[in-house]
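Just so you know, the sequences run in chain order L and F.
Mapping of the first sequence onto the numbering used here: position 310 corresponds to residue 310, and the numbering continues sequentially without gaps.
Mapping of the second sequence onto the numbering used here: position 76 corresponds to residue 76, and the numbering continues sequentially without gaps.
Hints in this document: simulated from the structure, not taken from any laboratory.
Being a predicted model, the structure only gives us computed values, none of them experimental.
All C-beta atoms, glycine included, are put in the ideal place defined by N, C-alpha and C.
It is possible that some hints are incorrect.
[To be verified] To give a feel for the contact side, a few chain F residues facing chain L, derived at Cβ under 7 Å: (1) Val25; (2) Leu30; (3) Ile33; (4) Ile35; (5) Phe102; (6) Pro110; (7) Val121; (8) Ile122; (9) Asp210; (10) Val213; (11) Leu234; (12) Ala246; (13) Leu257.
[What the hints assert, rightly or not] With a Cα cut of at most 25 Å, we get these calculated DMTMM-like pairs of lysine to aspartate or glutamate: (14) L:Lys207 / L:Asp226; (15) L:Lys74 / L:Glu133; (16) L:Lys176 / F:Glu11; (17) F:Lys237 / L:Glu328; (18) L:Lys92 / L:Glu80; (19) F:Lys101 / L:Asp359; (20) L:Lys207 / F:Glu236; (21) L:Lys46 / L:Asp35; (22) L:Lys46 / L:Asp89; (23) F:Lys237 / L:Asp226; (24) L:Lys92 / L:Glu133; (25) F:Lys237 / L:Asp314; (26) F:Lys237 / L:Asp213; (27) L:Lys263 / F:Glu11; (28) L:Lys78 / L:Asp47; (29) L:Lys207 / F:Glu52.
[As the list claims (entries may be wrong)] Not everything, but these chain L residues come out facing chain F in the computed CB check (under 10 Å): (30) Leu163; (31) Ala185; (32) Val186; (33) Trp191; (34) Ile194; (35) Leu195; (36) Arg197; (37) Val203; (38) Leu247; (39) Ile297; (40) Ile304.
As a plain string of letters, each chain reads:
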Amino acid sequence: MLLLSRAVYDPTIADALPKTTAALAGWNGQGLPGDDAFAALAADLKDNQAKGTAYELAKSLNARLPGARSQLLKTVRKLESADGQAALDAMKSVPFWSAPATWPAIQSGTRSFTSFYLLSALDLRWNADGAIERVPPEQAIFIQVFLRTFFVAASVTLATLILGFPLAYLIANVPKGLAAILIVAVLLPFWTSILVRTAAWTVLLQKFGLVNDFLLLIGVTSDRLDLMYSRIGLIIAMTHIQLPFTLLPIYSVMRTIPPSQMKAAYSLGARPFTAFRRVYIPQVFPGVMAGCMLTFILCLGYYITPALIGGASDQLISNFIANYVNVELNWEMAAALSFILLVFTLALFGIFARVLGLDRLKLV
Amino acid sequence: MLLSPYPTTSERIRITLLWIWCGLVILFLLVPIIIPVPLSFNSGAFFIFPLEGISTRWYEVVLGTQRWQSAIGNSLIVAFGTTVIATTLGTLTAIALSDEKFPGRRIIMPLLLSPLIVPVVITAVGSYLFYARVGLASTYAGIILAHTALASPFVVVTVGASLTGFDRNLMRAAAISGAKPLTSFFRVMLPLILPGVLSGAAFAFVTSFDEVVVVQFLASAGQRTMPLEMFIGLREKLSPAITAAATLMMGLSILLLLVANILARRGRKAPA
Chain L
1 MLLLSRAVYD
11 PTIADALPKT
21 TAALAGWNGQ
31 GLPGDDAFAA
41 LAADLKDNQA
51 KGTAYELAKS
61 LNARLPGARS
71 QLLKTVRKLE
81 SADGQAALDA
91 MKSVPFWSAP
101 ATWPAIQSGT
111 RSFTSFYLLS
121 ALDLRWNADG
131 AIERVPPEQA
141 IFIQVFLRTF
151 FVAASVTLAT
161 LILGFPLAYL
171 IANVPKGLAA
181 ILIVAVLLPF
191 WTSILVRTAA
201 WTVLLQKFGL
211 VNDFLLLIGV
221 TSDRLDLMYS
231 RIGLIIAMTH
241 IQLPFTLLPI
251 YSVMRTIPPS
261 QMKAAYSLGA
271 RPFTAFRRVY
281 IPQVFPGVMA
291 GCMLTFILCL
301 GYYITPALIG
311 GASDQLISNF
321 IANYVNVELN
331 WEMAAALSFI
341 LLVFTLALFG
351 IFARVLGLDR
361 LKLV
Chain F
1 MLLSPYPTTS
11 ERIRITLLWI
21 WCGLVILFLL
31 VPIIIPVPLS
41 FNSGAFFIFP
51 LEGISTRWYE
61 VVLGTQRWQS
71 AIGNSLIVAF
81 GTTVIATTLG
91 TLTAIALSDE
101 KFPGRRIIMP
111 LLLSPLIVPV
121 VITAVGSYLF
131 YARVGLASTY
141 AGIILAHTAL
151 ASPFVVVTVG
161 ASLTGFDRNL
171 MRAAAISGAK
181 PLTSFFRVML
191 PLILPGVLSG
201 AAFAFVTSFD
211 EVVVVQFLAS
221 AGQRTMPLEM
231 FIGLREKLSP
241 AITAAATLMM
251 GLSILLLLVA
261 NILARRGRKA
271 PA
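If we strip away everything but chain F, and leave its shape as in the complex, we get:
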């Protein structure tokens, strides 16, 4: 498709250059995220190739020491809490917004999406000042609520996308057949938009699990999450344990987001 049917030499050169340039860009994109993986299996304590030997000692550090274990535990508590609240709130918001008669859609949508754009430090400072006043600073609830604010937009977007293919007449049909609104939501609507909801939940989980700035402001010493532990480690002393933690986090994010995207795609296609 790139070449015309009877390519000239200059055209061939240009297309070849394009391929080379793009090959380099792909390398630039992929090498940095692949590099930590072999380094995390290095048995030596330095980041220098060639590797001194293969070992899992850095994974034993991350999964076996108390400091990292508590960080992983905190991350999971916060991420699950955020996922539950953000998915619930986001789904309900998306359902309300998908109604064409809903007042103020054009104003609410940009407001809802603004956490994706607003610098996260501002969100963090704002939540810190606010939660300190209402007594939520240094609590799991405070961190979970702040993360919910960051993660909910993703749920609204993914659920909203799956709702575009949802036929509202189905809800009327359910009502005529005698179903109460709540019953028709759980038995008719939710099963149909479930791919979108699950995909939004995965986005919410990853958003919270990867987040470090809000945690840095709100968490007490005992509430450090895995990313915060990494951030602190990177500031103090570079240890290969960080590459092991990075590999674990990267694997989890990629896995969840892969599932999320497959679900989102299916959610958009199925009802059409």
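Okay, chain L solo, but in the shape it has when bound:
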């Protein structure tokens, strides 16, 4: 809730420009506002300069209006020695303040409750006519990041299924003692933290690391590959981390299917493939769904592994959120992105809980 409130409530501009906010209250948004708005803005800017908040305001306005930062700081310097009519002239002398896009942006900024950040997180914005439009492609980054996150999550889910399904089948069908050993082999990595396993993969994926040694040895490649900071390295490491999450729900279903069923299908004349498809698959399907959905949902929130193994173009949505909080200090944008990611995650979790039941979350 606090997250959502941060995403739609941003009083920075309204707090910094009280006189302008009042002057713009009656403006219809067409053309340029009257001289009183210019005078009010000039007075507000002077106040901000005196209080030392001009830079913060410039940064906040710049998020909505590219280029506003330098123009605003330039104007503030001009205003330092001007009063009354001179201040108004100083404002008019900077063409930026008479540009058509400037005042609508300021006006929308003076409303504390804003959909600006939530829309930005989806690469949308309000245009001058008050309709929602897509931002130009060169500014649109978040849709791409969301698509990338979904793509990585889907690839990892598919990879874990291909690797995990046969192993789950084997464990469910070998004698008990051997099955226990194999399950331990699955649980040992499962019990090791994501960070430790990511660390292990950063060692393995180095240019002179073991994976490259192995690929050279079996002759798959003739050159050492750059696996660190690459999409493929990221997917390999995430597949390793998520494999037990996909495998265990499948295994727990397979364990309950008596082998006699397949024998019955054979004795009724079914070919192995037919028996497998018609008797086995329908029964393990809920387990497969549970494993795959769990992995997909968890992949959407990956942070550590992309941060350490992914390159600049492999950062997932969580990394952008962390970056907005830690580096750019744009908490509103971080909150908006978090909110959208949370909606996706909870929607999928809701489907999971309804269709498959919460009991499938218990992995051991």
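Let chain L serve as the given structure and place chain F on it in line with the hints.
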């Protein structure tokens, strides 16, 4: 069990392929977690096999330098704090939820489990914004509370599992014999569900001890934990000291979770 009594050649081939595939998958699972162990005993400063020699110098770095020592200390403070609070809260919650008459069970359970699903960055950002406002950012209390939110679901699940085998009539019998509710909890219920509680505590400890994202947002420079120190080290410069730290952390997690699982299994079997 895999082969039918009179296997055909194609069946033999398929089963052999299955074994080979599974063998490779097992290697894929195990090699990455085993590799850091020999590397951490390497006397050289590079991650290249064959090893240059055996030494414990990287363990001396991790256990002997001030930077890592304070990180280990911070990790232990946070993990013990989290374990105590999460185990207490989780156990009480599980007892309440195990009562069939408890209102809203079907709504509360998914809510309680949601920290397992919600991306940890969101939890971290949320706690950061919230704790900054109430003055808990950069405090041990803030980190411990955030970790408690992440760890409590494990306690609820494990204690809940051991409670399914608990006979509520025992509590009535204790009450009839004159025991006060608190006495009957400590003398009757707790000893019977203890395996589940201890297993939940171990899960809570490991959850906190391995956690890095929340710490990254909430901790001040002096509160860096061992995983955070590793994370920072991995970002800056890869040093074999990290493999030593990783080996230590891995050993601790595996040991605790092994105990937790044995206890959880016993907890589920014993009362039945």
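Tested hints:
{"no.": "1", "hint": "Val25", "verdict": "holds (5 Å)"}
{"no.": "2", "hint": "Leu30", "verdict": "holds (6 Å)"}
{"no.": "3", "hint": "Ile33", "verdict": "holds (5 Å)"}
{"no.": "4", "hint": "Ile35", "verdict": "holds (6 Å)"}
{"no.": "5", "hint": "Phe102", "verdict": "violated (16 Å)"}
{"no.": "6", "hint": "Pro110", "verdict": "holds (5 Å)"}
{"no.": "7", "hint": "Val121", "verdict": "holds (4 Å)"}
{"no.": "8", "hint": "Ile122", "verdict": "holds (5 Å)"}
{"no.": "9", "hint": "Asp210", "verdict": "holds (3 Å)"}
{"no.": "10", "hint": "Val213", "verdict": "holds (6 Å)"}
{"no.": "11", "hint": "Leu234", "verdict": "holds (5 Å)"}
{"no.": "12", "hint": "Ala246", "verdict": "holds (5 Å)"}
{"no.": "13", "hint": "Leu257", "verdict": "holds (4 Å)"}
{"no.": "14", "hint": "L:Lys207 / L:Asp226", "verdict": "holds (6 Å)"}
{"no.": "15", "hint": "L:Lys74 / L:Glu133", "verdict": "violated (31 Å)"}
{"no.": "16", "hint": "L:Lys176 / F:Glu11", "verdict": "holds (22 Å)"}
{"no.": "17", "hint": "F:Lys237 / L:Glu328", "verdict": "holds (24 Å)"}
{"no.": "18", "hint": "L:Lys92 / L:Glu80", "verdict": "holds (15 Å)"}
{"no.": "19", "hint": "F:Lys101 / L:Asp359", "verdict": "holds (20 Å)"}
{"no.": "20", "hint": "L:Lys207 / F:Glu236", "verdict": "holds (17 Å)"}
{"no.": "21", "hint": "L:Lys46 / L:Asp35", "verdict": "holds (17 Å)"}
{"no.": "22", "hint": "L:Lys46 / L:Asp89", "verdict": "holds (14 Å)"}
{"no.": "23", "hint": "F:Lys237 / L:Asp226", "verdict": "holds (18 Å)"}
{"no.": "24", "hint": "L:Lys92 / L:Glu133", "verdict": "violated (30 Å)"}
{"no.": "25", "hint": "F:Lys237 / L:Asp314", "verdict": "holds (20 Å)"}
{"no.": "26", "hint": "F:Lys237 / L:Asp213", "verdict": "holds (22 Å)"}
{"no.": "27", "hint": "L:Lys263 / F:Glu11", "verdict": "holds (14 Å)"}
{"no.": "28", "hint": "L:Lys78 / L:Asp47", "verdict": "holds (14 Å)"}
{"no.": "29", "hint": "L:Lys207 / F:Glu52", "verdict": "holds (19 Å)"}
{"no.": "30", "hint": "Leu163", "verdict": "holds (5 Å)"}
{"no.": "31", "hint": "Ala185", "verdict": "holds (5 Å)"}
{"no.": "32", "hint": "Val186", "verdict": "holds (6 Å)"}
{"no.": "33", "hint": "Trp191", "verdict": "holds (4 Å)"}
{"no.": "34", "hint": "Ile194", "verdict": "holds (8 Å)"}
{"no.": "35", "hint": "Leu195", "verdict": "holds (5 Å)"}
{"no.": "36", "hint": "Arg197", "verdict": "holds (6 Å)"}
{"no.": "37", "hint": "Val203", "verdict": "holds (5 Å)"}
{"no.": "38", "hint": "Leu247", "verdict": "holds (9 Å)"}
{"no.": "39", "hint": "Ile297", "verdict": "holds (6 Å)"}
{"no.": "40", "hint": "Ile304", "verdict": "holds (6 Å)"}
Consistency note: the structure conflicts with the earlier hints numbered 5, 15 and 24.
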